[in-house]
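Given chain P, work out where chain W should sit, using these hints.
Here is what each chain is made of, one letter per residue.
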Amino acid sequence: MNLSRFFDIPSDLQHSYAGLIGLHLREALIPVLAGLLLALPLAQLCVRFKWVYPPLFGITTVLYAIPSLAFFVVLIDYTGLSETTVMIPLAVYSLVVLVPAIVDGVRSVPQETLAAATALGLGPVRRYLQVQLPIAVPAIIAGLRVATVSSVSLVSVGMLIGNQGALGNLLNDAQIYHRPELAVNSVVTTALLAVVLDAVLVGVRMLLTPWMPKESTAR
Amino acid sequence: MNVLDYISHFFGDGALWHGYDGIPTRLGEHVVYSLEALVLAAVIGLPVGLVTGHFGRGGNTLALIATGGRALPTFGLLVLVVTWFGFGTGPAMVPLVVLAVPPILVTTYEAVRSVDPSPVDAARGMGIHESRILFRVELPVALPLILSGLRSAAIQIVSTATIAAYTGLGGLGRYIIDGLSQKNYEKVVGGATLVAGMALVTLLFFWAVSRFTVSPGVRRSE
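Protein sequences, first through last, are from chains P and W.
For the record, in the first sequence the residue sitting at position 202 is 201 according to numbering that gives the first Met the number 0, with numbers rising by one throughout.
For the record, in the second sequence the residue sitting at position 94 is 93 according to numbering that gives the first Met the number 0, with numbers rising by one throughout.
Hint data in this document are derived by calculation from the structure and do not stem from the laboratory.
There may be inaccurate statements among the hints.
Not close to chain P: a few residues of chain W, all C-beta gaps over 10 angstroms, as computed [unchecked claim]:
1) Gly169
2) Ala195
3) Arg218
Output of the computed footprint for chain P on chain W, the stretches with three or more beta carbons under 8 angstroms from beta carbons of chain P [to be verified]:
4) 90 to 97
5) 118 to 126
Bear in mind the structure is a predicted one, so any value in this text is a computation, not a measurement.
The C-beta atom is built at its ideal place from N, Cα and C for all residues, glycine as well.
Only chain P is shown next, with the shape it has when bound in the complex (with noise of 0.2 angstroms):
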């Protein structure tokens, strides 16, 4: 292994390692914020309507079985070799960690809270706002840790699908061109980002509720 050449990257990956660093942030990223836009709505769903929950569960609980190379390939018929293709189905597993996790969070505010809220005159949209989703932060939070760094870690999977996974390529021209050291530039560079961005959501967490008491954070 040849350490020297570790930040030599291919040519035929057509990006710097900062730029596959870039793509594999936009790759890991915007899945988790869609599912978190989506995540919203759906959770405030089952909160309100109650009987929307247990079925809502179980069918999220089948799709985040779904393996993702299975997910990606039946995908390809539609969106093609694409990051569309990768990025499909890191917005559903988000989808899926998310929503139990803001359900919770929201379930979670106390009764005489939202009573207090309602008698100082807050309507329901404000009382959601300002009151149950900052309580809900660190539930949520969590639950984003979740899946931001699963997200981050399944972005390489997609290398199986037509060059798509960003640092994971990298896996691929370490067989190729016999080059073990970019493999392990990969792994590490990729599990260095997961730890970044936990600590960067820990920090997040920290700055939206001051009102916590300061303990371990680690979980």
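This is chain W only, laid out in the frame that chain P set:
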């Protein structure tokens, strides 16, 4: 041709029902790999989780291990292990086990730790030995959560064993990987259907296990 046509063509092909690349063989390989990995991961994760959960210590260390385990890209790890140690079932087991230990370890710890302390104290007051408290009081109450940890580990193993075909391993992933390189889309979609089916069977299996092993009293209080 839509996906349903591909599926019916794939399963209608009589040659695919026997031989070394037949569906029974590949399915069997997939089940064996998955079970081996799950058993190995459970042998590591369950005892450590039970003991740390019982004494309520080491939570932060476990959380750190879990975050680290989740952050490691499994597919990358798989390719790396194979390039270092060569092809074969042994090296391919490493990433599968690394993937499955954190969910088992963390949920087992959480499950045992969050058991209501009053029955545990009552058992201790009656002079019951610590190991019997763990197995006769804490374990039955914690079982639903422990099983959910094992379930998510199993689902992840089934899904990752598919990707392991890229490194020359058998199993259902072979159809997807070979089909992609042969531009045989029927094979790809057929393989994907089988893998998804197997994941669903795994879900059902754990649901059935929890129906039979979780005490009715615990289930009612859920």
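These are the hints, each one checked on the structure:
1. Gly169: holds (15 angstroms)
2. Ala195: Violated, since 5 angstroms does not exceed 10 angstroms.
3. Arg218: holds (16 angstroms)
4. 90 to 97: violated (count 0)
5. 118 to 126: This one is violated; 0 residues, fewer than the three required, reach chain P with a Cβ under 8 angstroms.
In terms of the numbered hints stated before, the structure departs from hints 2, 4, 5, listed from lowest to highest.
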